[in-house]
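Asker: Residue numbers (numbering that gives the first Met the number 0), protein chains in the order written: chain E, 0 to 359; chain L, 0 to 359; chain Y, 0 to 359; chain X, 0 to 359.
Accuracy of the hints is not assured; some may be wrong.
Derived EDC-like pairs (lysine to aspartate or glutamate); straight-line CA-CA distance at most 20 Å [said to hold, decoys possible]:
id, chain 1, residue 1, chain 2, residue 2
1, X, Lys34, E, Asp96
2, X, Lys153, X, Glu187
3, L, Lys34, Y, Asp111
4, Y, Lys34, L, Asp111
The hints are simulated quantities; they were obtained by calculation from the structure and are not laboratory data.
There are 4 protein chains.
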Amino acid sequence: MSDNSFGKLFRVTTWGESHGPAIGCVIDGCPPRLKLSEEDIQPWLDRRRPGQSRFTTQRREPDQVRILSGVFEGQTTGTPISLMIENTDQRSKDYGDIATRYRPGHADIAYDMKYGIRDYRGGGRSSARETAMRVAAGAVARVLLRTLVGEGVKIRAALTGIGGQTIDPSRWDWDEVERNPLWCPDAESVGPWEALLDSIRKDGSSIGATVEVVAEGLPAGLGAPVYGKLDADLAGAMMGINGVKGVEIGDGFAVAALRGEQNADPIAPGPQFASNHAGGILGGISTGQPIVARFAIKPTSSILTPVPSITRDGESVEVMTKGRHDPCIGIRAVPVAEAMMACVLADHLLRDHAQCGWGR
Amino acid sequence: MSDNSFGKLFRVTTWGESHGPAIGCVIDGCPPRLKLSEEDIQPWLDRRRPGQSRFTTQRREPDQVRILSGVFEGQTTGTPISLMIENTDQRSKDYGDIATRYRPGHADIAYDMKYGIRDYRGGGRSSARETAMRVAAGAVARVLLRTLVGEGVKIRAALTGIGGQTIDPSRWDWDEVERNPLWCPDAESVGPWEALLDSIRKDGSSIGATVEVVAEGLPAGLGAPVYGKLDADLAGAMMGINGVKGVEIGDGFAVAALRGEQNADPIAPGPQFASNHAGGILGGISTGQPIVARFAIKPTSSILTPVPSITRDGESVEVMTKGRHDPCIGIRAVPVAEAMMACVLADHLLRDHAQCGWGR
Amino acid sequence: MSDNSFGKLFRVTTWGESHGPAIGCVIDGCPPRLKLSEEDIQPWLDRRRPGQSRFTTQRREPDQVRILSGVFEGQTTGTPISLMIENTDQRSKDYGDIATRYRPGHADIAYDMKYGIRDYRGGGRSSARETAMRVAAGAVARVLLRTLVGEGVKIRAALTGIGGQTIDPSRWDWDEVERNPLWCPDAESVGPWEALLDSIRKDGSSIGATVEVVAEGLPAGLGAPVYGKLDADLAGAMMGINGVKGVEIGDGFAVAALRGEQNADPIAPGPQFASNHAGGILGGISTGQPIVARFAIKPTSSILTPVPSITRDGESVEVMTKGRHDPCIGIRAVPVAEAMMACVLADHLLRDHAQCGWGR
Amino acid sequence: MSDNSFGKLFRVTTWGESHGPAIGCVIDGCPPRLKLSEEDIQPWLDRRRPGQSRFTTQRREPDQVRILSGVFEGQTTGTPISLMIENTDQRSKDYGDIATRYRPGHADIAYDMKYGIRDYRGGGRSSARETAMRVAAGAVARVLLRTLVGEGVKIRAALTGIGGQTIDPSRWDWDEVERNPLWCPDAESVGPWEALLDSIRKDGSSIGATVEVVAEGLPAGLGAPVYGKLDADLAGAMMGINGVKGVEIGDGFAVAALRGEQNADPIAPGPQFASNHAGGILGGISTGQPIVARFAIKPTSSILTPVPSITRDGESVEVMTKGRHDPCIGIRAVPVAEAMMACVLADHLLRDHAQCGWGR
């Protein structure tokens, strides 16, 4: 089954476990003659790489990506692009006692229920490490979008809340996002959040967060009714990021409190929209406005506080997780969210070309 | 492209416009030898049917479903099941002036941007009418789940909020849901909500809402990492319901404020879980707990209040929508949400059979 | 599962049994703004319709197609196109004794082995009647190809052999194909073949045949390595026609006897090819030459000669089939082959647009 | 697009070019808890490996496969299995003059027409080298079939004809296949064929061939009507092998000459079939009889005889191919055919489990 693939025409299949020899992905359907080299991908991986601040896991790996196929003399050939990162820092001894007991809130029990076996080393396939390949694929999607749509395409994400604290949207500054290790767009939130994270880390606990991702410069017409909706695909993509429990497009849950005249974005010739409650998508199709998605991500289950659980044999036990863990996985979800947005948009761009491109 | 299909193994393809001769769907992959007749489907359609209370559109149609293939002597044969409902009440004259102008907040402009053509009669393909076929497909999914899993499977939804007012969860009563025309589980909310809806309707306006859907009695092991996640598929399915702008699983957005020890559901032998913050899904795989999804749905864009807009020719105009419309599309989204949940679960059950069923 | 669909981007899903109320198909992915009406489809159905000569089944039905969705004011809208034909002549009494015994060479035993149930009326889903919807879908594919590629597209098939007799290729005349009831391109073969068929019919027997289908006027670049090969898709499409047991592209099985210098088609500037051993496809991709496929179709299993068989209960029995049957199903496979070729090409055209269309 | 994948539930995606750093594949959907190690795969690769006799290309590589994911402690985990073989012998200088001119009969011109770029080193993606990964995937499919169906599953292929000479079927001996370097089942054909191949090789030419592949011990019920037919999938899989131009199931093209009573396989209680004209498949579904497929493969286009062609710039030129090439690619197609058969059957086995497994 294609459970490890996403996208229909820009199709990404990822493979690999946290502590196996390598992780990788295959991108099938990328158009030919795009300029692509490892230099287009590596910077995005570097952004996501752990060990860069005290707020992400201390696992240290170069995460050096290699292009193994699909590129010739600096250009894509239209054949599958295989990307691989070798795992170099695999301190699997840290995870020894995890082999026989389940972490509450973690996927390990669900894997065992389904498969009757799991690679427990570092979370195996459920590790956030898998998201490195999403970031790599997203980098290729960015090249595709830049080449086919134009330099004006911008896909950016930011951390907008943590532990119940949220930014002041009026202070949103995209440049600030690049300046602090939390990808926070509100300079005044950075200090308090760093203090909160330090305290969480000291407690051996973890904390939830919210992330917003915005795509600008995309054409109208991406997406399709009724089950090929751009917002439905984005919702699936964002909900598929490890730990995400809620997803919004545009005004999101706030629409529940609105009346029709408050929610409808007035249209002026252009077309120009006087507001963007819709988050750039109507009827599942992009309108040319910024595409806005938002999600909440739970606190990681790997904490030092003991929680009641059971062993594989079904006996009661208390579980706490030693080892290196992010106190807030929302931080590293920021580059992943951008990458997933880029992949979904690249996919829908090709889908639109296929069906509707002929008469333009 | 398969934009009008959902599901991989229990695959539903819908077709039809609001004011065409009929709407229908084809279900491919349904197992053979399930007892199925129109009587298994019709009651669910009757629940969703418009015109039953003053809070839903006054379009009156019997919505009589016909099984055109795939069933022989009262049993499914394993071949595609074709379902059809004829459109009998198509007062298309109501929509005449909509042909040349766009309703702010409506899909019509997006369809035109993408396709350069749209069937403007009653919203065409973007009409909520299409969801009748989801309900029909959901009824078949229920038969599948009941037969393969057991009578204990329950998939139920309820209206949990409207216009910013929410139910008191402590008063949740599933029986109440069947007793009031709003599918509200809190008897004390019904009166005030009916009053609110009357006022909204009198104003020619509309209002947003929230819906919760719960599936019980399902086995552990449905879903898959990493892009076949049950929660990701549910998120896509719910976000694909007309007007939905936000989706949650389990605690949803509330997780952003939680610490790891608050979020993790403790596990006791069984396994039993002491709480259900996860909404029945860990790592994209069901755990056997109730599966809980929630979504927010925007106020419909068809309102009597004039909103600035443009014509197809790009000229400024004010638009207001005459005709028959639901003041709160969240109400009729309740049976649709149940149906989508049923379809997603049926699909994942078959997917699990395929990959993991062999050794059980 | 999508077992009743074919095509990826021009996606056709068929449904319906021989003796159910109707048969139909849904075409998903058709581009918008193609001029389409029932008049574009009906003539192709009329060509295939049974009862037109003494060499095809005497079942008489108008096979009147209805477009139920996806077309508005004479143009496709980009939404799914639903086509339906009502079954009007369903003399199911003819098939009564078939319910409990298996016809040697027929699909009925295989269906029962797989599904544990089958709709035995007229072959149910395995009936050649299903191919009417392929012809209908093929007619839409022709409109697509004509609109997107040009009027020069020609997709034609002919009966090239019957019962071991073959045409003389030097007498091939496409006009002759339309003049005789066998779709035979060689005027001198028609008489002897009619005599053979009369004798076969008198004997209550049936006979095998070969069909060749040729597509001209298509661009180079359709298809893809390695599992999206145009020839592999054509082979699957042709082998999927009821009764087909062998498929060839270009020189087909004759290549087994050739040396490299005999098989290679020399290339001149243009590019022009000095011959077409390849059948218009190299490496799975079209070259702009005529695309040539050929297949062999077995004699139908419905014959008056008794053959040893068993009942559903596993008891020995002799089976002979009364009722109306084609003495040579190869004849009616001719329009079906054209339709499948058209659908495969339409699909690959859209696939090529998606991936490679951007820079052209 | 998923052009580089095959299978729906046992899904194989291959990547890599002849002269890139490596080739590989990802298998998604393999059931968990199958015993699998590199030792299960390597022997099949060794069978296919070039350089083992004077009749296959002299490229010498160990073709050492590595499992990079999806296996833990000797068992599959249900997550994607990534396999990789490093390319170690990449004498790309041999192919230098191929960069600017097209080989008649080769895929290079078609790739250029489609993509506007091609990796000309050793045929790039169109190289037979890609088939190594099919053999590797086939080895995993064999493990799946052996585990889920039983030790009785046998999937074997043999070279049945070369240059117009064919074996005597009455001398068919599966043991002989393993004894000669041509995989020929007829001991008396081996000598003359070796002489023919020596002469072909001396001439710098190449020759066509036929291959037959037989699967035994499989259950009835694999496949599905109407577009999920087992024979249609096999036809697509076989036609997708490099150079294949014709495919047959069972009696294949011979059916064109048969009458109904000659073609129908009589059925006795069991069910037992008195003959196997059908090749083990009726109505697209397996019957439990041996599944028999056959194909013709063209002579490779890489020959020393000059053939008229053009350069990339469209100028006339004569092309002959230096370098290491198989005089008869049919020989190395034998293990590839077995592998494709195994993959298709594994896929259909899982598909059957999904839909029909519930009541057994």
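Asker: Can the restraint linking lysine 153/X and glutamate 187/X be considered satisfied, given a maximum Cα separation of 20 Å?
Answerer: Violated, at roughly 24 Å.
Asker: Verify the proposed pairing of lysine 34/L with aspartate 111/Y, using a straight-line Cα cut of 20 Å.
Answerer: 17 Å, holds
Asker: Check whether the Cα positions of lysine 34/X and aspartate 96/E lie no farther apart than 20 Å.
Answerer: 24 Å, violated
Asker: Between lysine 34/Y and aspartate 111/L, is the straight-line Cα distance small enough, at 20 Å or below?
Answerer: Status holds; Cα separation ~17 Å.
Checked against the numbered hints listed earlier, the structure breaks hints 1 and 2; every other hint is satisfied.
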